[in-house]
Structures are given as C-alpha cells and as structure tokens.
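Colleague: Protein sequences appear in the order of chains R and X. Using our numbering, you'd call the opening residue of the first sequence number -5 and step up by one each time. Using our numbering, you'd call the opening residue of the second sequence number -5 and step up by one each time.
A few of these clues could be false.
The list treats identical chains as one, so a pair stands whether inside a single copy or across any two.
As the list claims (entries may be wrong) - Restricting the straight-line Cα-Cα distance to at most 30 Å, the calculated cross-link-like pairs of lysine-lysine (BS3-like) are: (1) Lys325 / Lys169; (2) Lys304 / Lys199; (3) Lys403 / Lys173; (4) Lys358 / Lys228; (5) Lys400 / Lys169; (6) Lys54 / Lys228; (7) Lys357 / Lys403; (8) Lys400 / Lys374; (9) Lys403 / Lys228.
Hints listed in this document are in silico derivations from the structure and should not be mistaken for laboratory results.
Number of protein chains: 2
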Amino acid sequence: MEGLKGACIFGQSGGPTSVINASAAGVFKEAMRHRCITEIYGLAYGIQGVLKEEFYDMRKEIPYVLELLKTTPSSALGSIRYKLKDAKDDTDYKRILEVLKKYNIRYFFYNGGNDSMDTCNKISDYLKQVNYDCRVIGIPKTIDNDIWGTDHCPGFGSAAKYIATSAMEIYHDTKAYDKGKITVLEIMGRNAGWLTASTALASHKGSGPDLIYLPEVEFNISNFVKETDLLYSKNKNVMVAVSEGIKDKSGRYIAEYSSDLSGNKDSFGHMQLGGLAPVLVKALKDKTDAPVRYIEFSLLQRCAAHCASKTDVDEAYFAGQVAVRSAVEGKSGYMIGFEREDGPEYKCSIKLVDLRDAANVEKKVPGEWINKEGNGVNRKFIEYALPLIQGESYPPTEGGLPRFAKLNKVPADQTGPKG
Amino acid sequence: MEGLKGACIFGQSGGPTSVINASAAGVFKEAMRHRCITEIYGLAYGIQGVLKEEFYDMRKEIPYVLELLKTTPSSALGSIRYKLKDAKDDTDYKRILEVLKKYNIRYFFYNGGNDSMDTCNKISDYLKQVNYDCRVIGIPKTIDNDIWGTDHCPGFGSAAKYIATSAMEIYHDTKAYDKGKITVLEIMGRNAGWLTASTALASHKGSGPDLIYLPEVEFNISNFVKETDLLYSKNKNVMVAVSEGIKDKSGRYIAEYSSDLSGNKDSFGHMQLGGLAPVLVKALKDKTDAPVRYIEFSLLQRCAAHCASKTDVDEAYFAGQVAVRSAVEGKSGYMIGFEREDGPEYKCSIKLVDLRDAANVEKKVPGEWINKEGNGVNRKFIEYALPLIQGESYPPTEGGLPRFAKLNKVPADQTGPKG
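Chain R with its partners taken away, still in its complex shape (with noise of 0.2 Å):
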C-alpha cells in the first residue's frame, strides 16, 4: 500500500545531539523506498528553512555519505531555536502552508525537542485548520532526555554514555597522587537531571562520582559543603556531579549568585563567565582546605559522537524511518515515543504520541529514583539508564580521526515538483 503522492520535508530543531543525524538518515533512506515520495527535501536551519525557501534535494546526495550521517556529530543540516508567531499572528502559518503547497510537500517531519513538538504540533493543527493534506510526524532528540511521553529521547544514551565514561577516567586521574582533592564535574541540562544522574552510571562501576545534585531536588549550598567536606575528610579524594541547573529553595539558580559575588558590576572576570564554578569553588574554599578542580563538560557532552552509544544511534536511526513509514500509512500529528517493554532484558518498542500532549511538558527524573539524602540516584536510575548506552558506535576513521559526513547542499529546484 502506498500514501499520498507528494514531497517529504525534515527539519532538525534545537541543541545538537551526537544521533540526530541518525535520525536524518533514517528519514532520507526510509523515504526513498516509497514511490509515492516524490522529492526529499533537508531543511537549512529547521523551520527557518520553509520561511526563507532554503532546503536541500536529499536525492542529490551520496548514499555513503548519508550512511556517515549516523556517526556525525551535530546538525548537518542546520539547526534553529525558533518560536513560531502567536495565533494571533498568522503570518509564519501562511508562509509554511504558501511553500508547502509551491512544492506539493505531503509529508512533514520534524526532529527536535520540547519547544520543536510544540512548533510541530502547531503547524499539524494549522494545516488541518486549513484543509492542507500534510502528514505531520515528530521525530524527539535531545540530549536532556526530557521529553513526555517517551520512554526516553534519543540523544540522551550517547551524552551519558560519553559523561559516565570521562567521569570514569577523570576518577583515574584523581586517583593519580597521593594527596587529597575535591574535584566538581558541572553537567548540562537546566531543569532535568538525567544527564547529571548518569555520571552515577561510572560510580556503579566504581569509578565515579560520590555525591550527585540535581536540579530536581532544592539545593542548599552548605548542605553540599558539609557534605563534601565530610567526604573528603574521610577519603580524601571526593568527587561530586552537579547539574547547572541546580536551585535554591526559592527556585533561583545558583549559577546566578555569580552575580552577586562582586559588588561592582562593571567589574567582570566571573561577571563575564557567570555560571556555577565560581559560586561552587569560593563556598568550597571558604569551609575546606582541600585543592579543588573544577571540570566542565561544556559542548563535548552533546557532540562526543566518537563515544556513542551503538543503542541509541540505532533508535535514532529507527525513529526516523518509523516516522516516515508512519506518514506514509496515513498517521499525522503524532511524535514517535519509545515504549519499554518489561521483562528482564531491554527491548523496546515504537508508539505513537500525540503531539499535543509531548509539547512543551517536561518529564524529570521521578523522586522515587532519588536517594532520601538528595544528594545521589538509587538502582531505579542505573536499571533505567545501563541499556540506554550499551554497544559502541565508533565513526568511520580515516588519517587517525573520525570521518564525518560532508553533505552536498544542493539547493531544491525552485521551480517547484515536476511531476
């Protein structure tokens, strides 16, 4: 059985990931095996790329290099953080409806976070308003994991699995002198813990971090002092994972105290870097004697293709060609979710979530998977989290590096479909 005729268009949306090039491939070689796909389109810059007329004839490219999109790294098509105009303004709707139908687009995929389910879900919703047959399809990615509906996002297996393996060797490292150390690892994702909570997954392989905060449990900055203070003076070497989004009880983050360290604030050093490290090294230095080091992971997290995990680039890989086989059975409006399978080993299955309710709601890591002290994950994490980064999916090297995916760029024939 085949769908409506018309072209496929995919967007990439949001923070880049180490898989959603994954799921880009899954979608471009799932959609060449349907006849009644008639042109595949790449979005420059997600959603931007429908406004501006910009995307690319998929059809144009080397199978080999859309098979290394799976191990590359980042957006390569290009990607956008971009609130749609309010309702009430209806100028971005009538652009989208006036370039999908120049170019017969049928099928509409989206690949993106919270917000990027949300701009989904408003042009699904649009374009039935106005009677436009155009199979809308939600693609989740995001490395927060935390994305409702889904058992868990891809991107979030490879970035856990890249954090839980340099916590491991970070822990050598500290492991090196024989003198004591307090060592901080400040892990990304402001309102979801996930990420910070998978440095425990080194700790359960003994080699990670002693105490955990995360941005769902009220942060008290003396509590973490005295409780790496008492870690240190016990073991001497401690090491603790903070999320950035970690809060006070008034629900302010503590990254934003930086602010008030200084009294003049044209002065600038920390003013300009701003963040937790400041806040974190001076109440640390002011209580304890210990030498701290202070690690960030930055951008690495979300972009360490080289350390992926095998699982979550084949979901991701999935996830894409489900979506497209989806829409072209006649499903709109939906986001593909993971639903696990229970039982003793890890399989996991696709469902279809209705966008309205994956938009804009963020799922955190439950309370009952946080241990009573708050300041750590128990075994509900780890049995949730270990076959999320299970299996290596090394890039292709070439000259001693990885080889990534250089696409062609073609620009689509602005004339318009010819069939």
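Given the coordinates of chain R, work out where chain X should sit on it, guided by the hints.
Modeller: What follows is chain X alone, placed relative to chain R:
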C-alpha cells in the same frame, strides 16, 4: 645471555597520561620473561614508594589485569611530583640505597617527564658513585611531548588524538546554528605548544580552529582580538585554540592578568578560578559583539583512554619492554628514546639517550613549524604529528563502559627476597 641477578622495581612519576600504564605493562610482562629478574616490584607513588618502602609484588597480579593496563588511563600504581633532596643532603639517596640493598634490587625503571628523568639521572649517578651495581633506565612519558632527545614522547599521541577529535566535534557543533560565535579552546602545555598545535590536525581535516596560539610565540592580546574579530566578521564562526601557557613580551603568563581584573584582592570569582578564561573572554567582549564560548579541555585531555592512539599505546608498551631488555643487556643511565627513520612511511626505532642529556631540557615546537603570523602551524607540524595519532585503541567494554585494570596491589614481602 642473561644479566645480573636481582629484583627490578618500576615507578610512575609526574602527571598521568592515557598510556603510562601501557609502559608499566611492557616492563612487567618483559621482566617476567627474564630469569635473572628475581622479583618484580611496582612502586606506590613513584620514588616515594622507595623512601617509604611501599611497593607491590607484581607477580601477584592476574595476567589479564596486566594486559588491561595497556588501555587503562592515569597511573595505576600512583604517581608523584618529588624532587630528590639536593646533593648536599644525601638523606634521600642513602635511604634509596638502603632499600635497594635490602631487596637486592638491581634494575630500576622510572617512567616520567623531564623532572623524573632528572631524578633517574641523579639516582644513576649516586649508585655508580657508591659502587652499587644497579641498572637505571628512564622511560619517557608526558602528554606535553617536551622531553629532549626523543622524536616524541609516549602519551602525546593519545592526548593529541583526543584533542583533535574533540576539536572536530566541537567544530561541527559550532556550525549548527545560522549565527556567528567565537569559540575558544584552552589546551594544556605551559611552556611547549605541542598539544595546542595538535588542534591543527582537526583543521587539516577541514574542521578545526582558524587560529592557534602557542606558548612558543609572544602573545599580544590586541593582535589576538584583532585577528579573531577579523575572521568573525568575515566568516561569522571562528574557532581559536590557545595554550594555557601563552605569555606576553615580558614573559608574563597571560593567565596572570586575571589578578589585575579586580582591584579588590579579596573579591573572588575569577580570583578563585583564575586562568585565561576571564582575561580572553573580557578582551574579546570589549572589542567585538560576538557571543563567546570558552571551553577548557581540562583533565580530559590527559586521561581519555577511550580515544587513545594505537600507535601511542603500542610504542608506550614497547618502550617498557625495551627498557627491561636494555637493562638485562647491561645498559644503565639511559632514557629510552624514539628515532624517526627517513622515508615516506612512518617508522620509529628505539635509541638510548644519555639521561644527562634528557634531564631537565624542554623541547619546544620548532620556530620553522610555526607560521609567520605566529597564529598557526604549517605542514611540517602536520607531517610530524599525524603518524602519532594513527590507529584506535579502544579499551574493552563491559556493560557499555570501559573496563579498566584494578590491581591487587599485594605489598612486597618486607623481609626482603628469599632468593
């Protein structure tokens, strides 16, 4: 032919690397092949292990664990930075002699950087002076690649591979959005720019920094801003790599400028963290309107065994083996060095370097490998470094994470050898 009969001892010294344990594996495995070597000891925390009479019986380790050492980062025995007491005070030397005699230690292997080769040299001289027959061999190790007398040092290739790989990945990340950004990567190496230069391997693949500032070149902060801003206005995205050790005309570290940033010595923030970040970020923000992202590779670059160079791991192991063989053959007072053979293919042979020559001399990036603007390296550096990052040495994994060696660390029998 078998050599002098007696025990051997091996110690690790200086900063950890991804391959220092590979040299340890080479020493231990080779030592087990020689009947003249009665006992095999591993020092707890380098030379401190001799002074405190703390070392392990390496024959009590499981062979598979010794094999795992090849892919285990950091220093499995423990490392130290310790300068032996001066010639005028021979307490340390007397103590060393006492311990060597007690255990009938006739082979002394020491793995480290410039300072450790100095330690090695002094011990060698002292033992000759007092007529105690013990063969002393140094094995080079440093990510900084700054030991004189050898083409390169084990540890450098793996750090360079990790840095170049990560730079490529971050480069891809910076291209995700359709807006400009200045990304600054801070790389280790206080006096020698080998590691910072190795980001050029990423640029050589078309995905690396546009500008590279080494400590070998006098750093002028306004030139740095001018050069960066010029590329920013031209290309929107600029990536810059700087060595932590860049210095101004007067030889002052640029990182020290951070203490000038605030009038109040008691204010903290950047004062606590110090370093280059606030200085360079402020300089850029003062003159350009670009968003600036500052990324410190920090400890990751010296312990990322998951991204090690196979060439480096193999050479580190081989250096350990040859150290033992040379000592058994009667050599003493040398460091194991690498000599690159001429020809289009990379081939290195081992040579013995007089410890007196290797000790305390820092090898820097040659001036003729640096471009005339002083903000990059040329083809000669690429030709030098590229062979050293070839091949992948993935640690075996277990449950999605690396399996690292955990030594039994059975203390040596303090009653001394029976043989």
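Colleague: With identical chains treated as interchangeable, where does the CA-CA distance between Lys400 and Lys169 reach 30 Å or less: within a copy, between copies, both, or neither?
Modeller: between (41 Å within a copy, 12 Å between copies)
Colleague: Within a copy, between copies, both or neither: where do Lys403 and Lys173 come within 30 Å Cα-Cα?
Modeller: between (54 Å within a copy, 18 Å between copies)
Colleague: Between the shortest in-copy and the shortest cross-copy C-alpha distance, which are at most 30 Å for Lys304 and Lys199: within, between, both, or neither?
Modeller: So Lys304 and Lys199 pass the 30 Å test inside a copy (20 Å) and across (25 Å) alike.
Colleague: Using 30 Å as the alpha carbon limit, work out where Lys403 and Lys228 are close: within a copy, between copies, both or neither.
Modeller: between (58 Å within a copy, 21 Å between copies)
Colleague: For Lys357 vs Lys403, is the C-alpha pair at or below 30 Å within one copy, between two copies, both, or neither?
Modeller: neither (35 Å within a copy, 45 Å between copies)
Colleague: With 30 Å as the alpha-carbon cut-off, assign the pair Lys325 and Lys169 to within, between, both or neither.
Modeller: neither (54 Å within a copy, 33 Å between copies)
Colleague: From the Cα coordinates, with 30 Å as the cut-off, is the pair Lys400 and Lys374 best called within, between, both, or neither?
Modeller: For Lys400 and Lys374, only the inter-copy Cα distance (27 Å) is at most 30 Å; the intra-copy one is 40 Å.
Colleague: Up to 30 Å between alpha-carbons, please classify Lys54 paired with Lys228: within, between, both or neither.
Modeller: Result: close only across copies, 29 Å inter versus 62 Å intra.
Colleague: Is it within, between, both or neither when you check Lys358 against Lys228 at 30 Å Cα-Cα?
Modeller: neither (33 Å within a copy, 42 Å between copies)
Going down the numbered hints, you'll see the structure goes against 1, 4 and 7, while the others check out.
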